[in-house]
Amino acid sequence: MKRATGAASLKGIGMAKQQRSKTTANNTLAPPEEKEFWELRLYVAGQTSKSVTALANLRKFCEDYLPDKYRIEVIDLLKNPQLAQGDQILAIPTLVRKLPAPIRKLIGDLSKTDRMLVGLDVRPGI
Amino acid sequence: MVEEASLIANLTAENRGLELRLAEAEAVLSAIRAGEVDAFVVSDHSGPRIHAMSGAEFPYKRLVESMSEGAVTVSFDGIVLYCNPRLADMLKLPIEMISGSSLRSYVVESDLSLFDALLEKGRNESSKDEISLKTSDGALVRVYLSMNSLEVNEVAGVSIVVTDLTERRRAADQLYAKEEQLRQALKMEAIGQLAGGIAHDFNNLLTAIIGYSQMLLSGLRDDDPMRFEISEIERAGNRAATLTKQLLALSRKQVLQPEVLDLNVLVGGLENMLHRLIREDICLSTHLSPVLGPVKADRGQVEQVIVNLVVNARDAIPNRGNLAIETANVTLDRVYAEEHPEVSAGQYALLSVSDDGSGMDSKTKALIFDPFFTTKEKGKGTGLGLSTVFGIVKQSGGHITVHSELGKGTTIKVFLPLTDERLAPVETRPLVRESTQGSENILLVEDEEPVRRLVMRILQTRGYSVVEASDGDEALRQYKQRQGPIHLMLTDVVMPLRSGPELAKQLSALDPAMKVLYMSGYTNTAIVHNGALDPGVAYIQKPFTPDALAKKVRDVLDA
Numbered sequence: 010m011k012r013a014t015g016a017a018s019l020k021g022i023g024m025a026k027q028q029r030s031k032t033t034a035n036n037t038l039a040p041p042e043e044k045e046f047w048e049l050r051l052y053v054a055g056q057t058s059k060s061v062t063a064l065a066n067l068r069k070f071c072e073d074y075l076p077d078k079y080r081i082e083v084i085d086l087l088k089n090p091q092l093a094q095g096d097q098i099l100a101i102p103t104l105v106r107k108l109p110a111p112i113r114k115l116i117g118d119l120s121k122t123d124r125m126l127v128g129l130d131v132r133p134g135i
Numbered sequence: 359m360v361e362e363a364s365l366i367a368n369l370t371a372e373n374r375g376l377e378l379r380l381a382e383a384e385a386v387l388s389a390i391r392a393g394e395v396d397a398f399v400v401s402d403h404s405g406p407r408i409h410a411m412s413g414a415e416f417p418y419k420r421l422v423e424s425m426s427e428g429a430v431t432v433s434f435d436g437i438v439l440y441c442n443p444r445l446a447d448m449l450k451l452p453i454e455m456i457s458g459s460s461l462r463s464y465v466v467e468s469d470l471s472l473f474d475a476l477l478e479k480g481r482n483e484s485s486k487d488e489i490s491l492k493t494s495d496g497a498l499v500r501v502y503l504s505m506n507s508l509e510v511n512e513v514a515g516v517s518i519v520v521t522d523l524t525e526r527r528r529a530a531d532q533l534y535a536k537e538e539q540l541r542q543a544l545k546m547e548a549i550g551q552l553a554g555g556i557a558h559d560f561n562n563l564l565t566a567i568i569g570y571s572q573m574l575l576s577g578l579r580d581d582d583p584m585r586f587e588i589s590e591i592e593r594a595g596n597r598a599a600t601l602t603k604q605l606l607a608l609s610r611k612q613v614l615q616p617e618v619l620d621l622n623v624l625v626g627g628l629e630n631m632l633h634r635l636i637r638e639d640i641c642l643s644t645h646l647s648p649v650l651g652p653v654k655a656d657r658g659q660v661e662q663v664i665v666n667l668v669v670n671a672r673d674a675i676p677n678r679g680n681l682a683i684e685t686a687n688v689t690l691d692r693v694y695a696e697e698h699p700e701v702s703a704g705q706y707a708l709l710s711v712s713d714d715g716s717g718m719d720s721k722t723k724a725l726i727f728d729p730f731f732t733t734k735e736k737g738k739g740t741g742l743g744l745s746t747v748f749g750i751v752k753q754s755g756g757h758i759t760v761h762s763e764l765g766k767g768t769t770i771k772v773f774l775p776l777t778d779e780r781l782a783p784v785e786t787r788p789l790v791r792e793s794t795q796g797s798e799n800i801l802l803v804e805d806e807e808p809v810r811r812l813v814m815r816i817l818q819t820r821g822y823s824v825v826e827a828s829d830g831d832e833a834l835r836q837y838k839q840r841q842g843p844i845h846l847m848l849t850d851v852v853m854p855l856r857s858g859p860e861l862a863k864q865l866s867a868l869d870p871a872m873k874v875l876y877m878s879g880y881t882n883t884a885i886v887h888n889g890a891l892d893p894g895v896a897y898i899q900k901p902f903t904p905d906a907l908a909k910k911v912r913d914v915l916d917a
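Top to bottom, those sequences are chains Y and R. First residue of the first sequence: 10, per the working numbering; consecutive thereafter. First residue of the second sequence: 359, per the working numbering; consecutive thereafter.
One or more hints might be untrue.
[Unchecked claim] Straight-line Cα separation of at most 16 Å, EDC-like style, residue types lysine to aspartate or glutamate; simulated pairs: (1) K114(Y) x D913(R); (2) K838(R) x D805(R); (3) K114(Y) x E384(R); (4) K121(Y) x D73(Y); (5) K873(R) x D913(R); (6) K114(Y) x E377(R); (7) K766(R) x D805(R); (8) K114(Y) x D130(Y); (9) K69(Y) x D435(R); (10) K654(R) x D691(R).
To be clear, the hints were calculated from the coordinates, so they are not data collected in a lab.
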């Protein structure tokens, strides 16, 4: 799925931090909550305005609330619509929280931080 | 019981699943109501398809996506909300990597504070300035940012148009280079006008100064005390004549008398003189191609080129050193001609003069062909030597290049187009001194009295019978009242009322056997076209020495 056509991993800042975060996760001396990791998948449709707004909002949210603890995978359904079936996507943009379990979905441009905190079950201060 | 319990569990699970789907459907509906989605997954028999709501903004989006400028919208804190394909091209990154990132992260460090100030100002009104962006491969792109505050619906941020200045800079550089060429051409044209303008009067004066000095000298005894002073006058006159000639050459206003030449023969003929020109501690060597093709050029001018280049090389060698003259056949191909627009592709004879002297930095190199530019001390050089070379080479349809390295030396290469014409067989002239005496009748037409009187004396002392006229009308009158035939008309070219060629045309109609010899100090005349003398026209350039004039008169009469 991750390597499938149309799926673009965001390597930039998120990826670098994820790698650092993995190192921490493997470190047995690390506090247990540090192992919590958010694997997020954003479904977009090319560059529609809501798609780009959602991605920008998501990036900012993760930097603010989940620094070093997230990975964002962007899936462009315009390039490969078949990928909508796996997570049963109806509307775009949709964010899927793959990890931590259970799977959760958030639909829309992710502009409301409070809804993001509740929807992704992120407790500020962790 | 067990079956019932299992059924209830299944129904409960199914119910939870349905509740979840209902919740999701409600979430979708509420997102649609809030205007937070703009595309849907539509499924039919062929599978899922994406339906994007294009809306009224669709044409504008297409417009922005096809713009040749980068377009980007950022949130107030600089996070990219939207970026068009052109900006992605500039940064050499896929759009999805730019969206959501901080635009600031692509700004070079030295421009960060400027960028921050622009963004700060752009939030409230508008701002614009130049900065440099970093591309993904580490290159820098100079861009012009134009920021405007953006507030549409709930989106508040800044819209930025990013103009790539690379092309504009390149175009500006090209324009500057062209302007520089034009300025140079205009400067040469102005010098040419000036040189051409003074040459006429100057050469008449010099003809008189040099001519009378020589006549005086020839009448003096060897031990006459006046000899030194008069020789000095003659020398000064000759120096002035050389300067005038150089000014005409560098402004490409010389009258060329092209002939088919073998550069090897020219170099060979000059070698003794060149050895005398250079110092003893400089070793002069020649490497001449045995298969060198002929060129068509003015012998005197090409000799001048060689002498000037050798003198220049000599002066670049501070102590001991080597100086080499080389000839070869070379082809300047189409690629070379495209890189050097002033050059036509073709076969050339190369004449190169190299030295292992002090060399030049690029700043000096750029100036060496400029008239009056010299690196020599005041009074040591006129700054005309290499500009004369440049003028002669250009007027002869040639090309010139300079390679120089500071401390290592300089090579100047002159390319003259090869000609298909054959070399004239070497004349084996009898060594017996040709007589410059004669008894023919000559009609002399010259409006400058000092020159006319001098020429008359030169010719009369050699036995000719001379009838003089100061303009065309008088010449016609004199011709009609003549005693016996006029064998030769020696006439100035530029004269008031009637020019030399007009007069010659009228008289030749009456007397086709009469020969015509033109003399002029002016170059842009009726007998010169494209810098070369019309074929079959006999001509002598002022200033001339009495001997040179007498010889030319004799040659024309005997031809």
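With a cut-off of 16 Å on the C-alpha distance, tell me whether K114(Y) and D130(Y) pass.
-> holds (11 Å)
Below or equal to 16 Å on CA atoms is what counts here, so check K121(Y) against D73(Y).
-> Holds - the C-alpha atoms of D73(Y) and K121(Y) are around 14 Å apart, at most 16 Å.
Given the proposed pairing of K654(R) with D691(R), does the C-alpha separation stay at or below 16 Å?
-> violated (20 Å)
CA of K873(R) to CA of D913(R), is that 16 Å or under?
-> holds (11 Å)
If you draw a straight line from the CA of K114(Y) to the CA of D913(R), is it 16 Å or shorter?
-> violated (109 Å)
Hinted pair K69(Y) and D435(R), Cα distance within 16 Å = holds (10 Å)
Are the Cα atoms of K838(R) and D805(R) separated by 16 Å or less?
-> At roughly 19 Å apart (the allowed maximum being 16 Å), D805(R) and K838(R) break the hint.
Restraint check for K766(R) with D805(R), where alpha carbons must lie at most 16 Å apart | violated (55 Å)
Is the Cα-Cα distance between K114(Y) and E384(R) 16 Å or less?
-> holds (12 Å)
Would you mind confirming whether the straight-line C-alpha gap from K114(Y) to E377(R) stays at or under 16 Å?
-> holds (14 Å)
Checked against the numbered hints given earlier, the structure breaks hints 1, 2, 7, 10 and satisfies all the rest.
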